[in-house]
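Chemist: Below are the chains, spelled out letter by letter.
Number of protein chains: 2
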Amino acid sequence: MNITFPTLLIDSRIAKENIRKMAEKAVDLGLNFRPHFKTHQSTEIAKWFREAGIDQCAVSSVRMASYFARNGWNKITIAFPVNILEIEAINRLAGSIELDLLIESAASVEFLSLHLKSKVGIWIKIDCGYHRTGIAPYQTDTIDNILKKIGRSERLSFKGFLTHNGSTYKCQGADQVLGTHKKVLGDLARLKEYYLPRFPDLQISYGDTPSCSLSKTFPEIDELRPGNFVFYDVMQVQIGSCSFDQIAVKMVCPVVALHPRRNEAVIYGGGVHMSKEFIINNQGKKVYGCVCSIAGSPITPCLEENIASSLSQEHGILRLNHDYFQDLKIGDLIEIYPVHSCMTANLMKNYLSEEGQAISMLNLLQL
Amino acid sequence: MNITFPTLLIDSRIAKENIRKMAEKAVDLGLNFRPHFKTHQSTEIAKWFREAGIDQCAVSSVRMASYFARNGWNKITIAFPVNILEIEAINRLAGSIELDLLIESAASVEFLSLHLKSKVGIWIKIDCGYHRTGIAPYQTDTIDNILKKIGRSERLSFKGFLTHNGSTYKCQGADQVLGTHKKVLGDLARLKEYYLPRFPDLQISYGDTPSCSLSKTFPEIDELRPGNFVFYDVMQVQIGSCSFDQIAVKMVCPVVALHPRRNEAVIYGGGVHMSKEFIINNQGKKVYGCVCSIAGSPITPCLEENIASSLSQEHGILRLNHDYFQDLKIGDLIEIYPVHSCMTANLMKNYLSEEGQAISMLNLLQL
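Chains as they are written, first to last, in the working numbering: chain A, 2 to 368; chain B, 2 to 368.
Read the hints as simulated data drawn from the structure, not as lab findings.
Every residue, glycine too, gets a C-beta built ideally from N, C-alpha and C.
Take these hints with a grain of salt, some might be off.
A few chain B residues facing chain A, derived, Cβ under 10 Å [stated by the list, open to error]:
#1 S13
#2 K39
#3 S61
#4 S62
#5 F81
#6 A108
#7 G122
#8 K126
#9 G167
#10 V256
#11 L259
#12 V273
#13 S311
#14 Q327
#15 K330
#16 L334
With the rest of the complex left out, here is chain A (with noise of 0.2 Å):
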């Protein structure tokens, strides 16, 4: 592999083995799998779960679903509040696959009601304190109005709650992830309790890659639907879902300056390459990535040291020990964890396999 500017190196093997995890942890618990393939973006790397006998996913657009329908997935859900703009290729979509749409508006409903032409499943967003979207477990009036409309419809019918318990992504370790996961199981436990006399087939979606790596109970939920556990992430390694042997995927940039003064490097790798998002260490510094690898010579990768401390456009400003500072050469590679694999990989658009072959993803520009 003749790699000369930034790339994401994708490890199979690693990838393989989150998806069995995770696979194998659902069928213990005689749980539904459904992974979001938001994270990956790829019917090369969906083929993967194939083989995991995963049949089918969550995405976040009408787009990415079109995508992953073109490519042999027929039972998909679009786990992201309706827009009902895209009606006609939601109704493209309804009348070749069996798909799910996500509501939490009345008014969502009766378009739905009105425009579409096939069946389609509805799930309800509930929103379990993290407050992004989605409607609180305890607006039951909401809940029934929208419920109401929903029985109205031919075309709709009610699959259950969906939420996306989106507090763990604050927490650090696994007991305060365990904590929020306990909280949140609670109020959907009660949610359930209140609809299934009503709704008997209900079901309870549940997804947020720390609590399902971390949990190893999951009372009342029916069905798992993580994203980001198929990569990792330097962000799930603080929160503690994962180590950092799990990461799936890393950039390789090129070393194209050395400020010996302050032991930084300058790499051809920046925002347009890893995304701008960073976690805060607990020196209080920003990372936006953290070097697992120089010239070729794996290093143990911390929070602390040895991390992508700035990015702009296209420079990654590294910072690392003297130790590994001393030996590096102008046009060395450097290989990162990326803090989001989720940014990542949709910025970079394109992963290289281990053994040198390219894997493409979703290019909206194709569609």
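Following the hints, position chain B against chain A.
Modeler: Chain B only, in chain A's frame:
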């Protein structure tokens, strides 16, 4: 125009006016104008510069240079520390256009001396206090050593010193910008004075949108090299480089959910569209974009109210004044000025003109 998903609108009238003003300033001051094309990355938009009499540009990568060279641009500076691993592509470019490269180490010069097959211009990168990269202006021993090596090569022709006064990006208001501008210009003037006797043709290339927008004088500077000014953005409004009505690009995003208790609208439009770049406003709040139109009705944008207050991968959260919120409906389109137009354009990979025409840009997958 039937916009149904996140779309980047460009107002060609505003962009052309931004180009005209900056080109006129350069002409009036007798300066060479070499606009940085990393902001728009589009040969179609590059034509607007050509119409304003510009026939040269700066770019931030070899691949960007190749794209513009293939589309008729034959005077290009790659204003990024040379990535020696791309020597093959550099040689192809150097053989066909007037190519200038940026260096900041003797090692890079030695490599180029050995491997270049055609002549190139060489700029030495100067760090004027921003400390991203470059050689400090007082490090004349380092510079002398590099100049000696440049002098020994038949292929390398020393052009002068190039700097990016990135410190202006930490400023708020014209006074602060002009303060750092004056200081940096002093350093550059001393550097020029020191080397001019030996290199009577040496030039100083200077670029950053805040100084180039706000200053009326550029003593000892020979070339202006700003990029962002073609579009401007919310960050530039906060710095004071422009007003909102000079911003030439805006995101158009559909409303997918409404949260009346907190006057928040959820849009389809997140970090994969606008980037995760943010500013901190005077209230200490993160701002990821400023709303400028709601359901077809323009509103007065500002940094404090009616802002994108958080973004995840595909979701954007807008915090709106109650008066604007209360009339909003699911499916309405919201227009938003981006915080950092370079990052947004790079993510969107496509512009839509106000006449409904698609304007393409560099697509690395097609190179």
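Chemist: Which numbered conditions among the earlier hints are violated in the structure presented, ordered from lowest to highest?
Modeler: 1, 7 and 14
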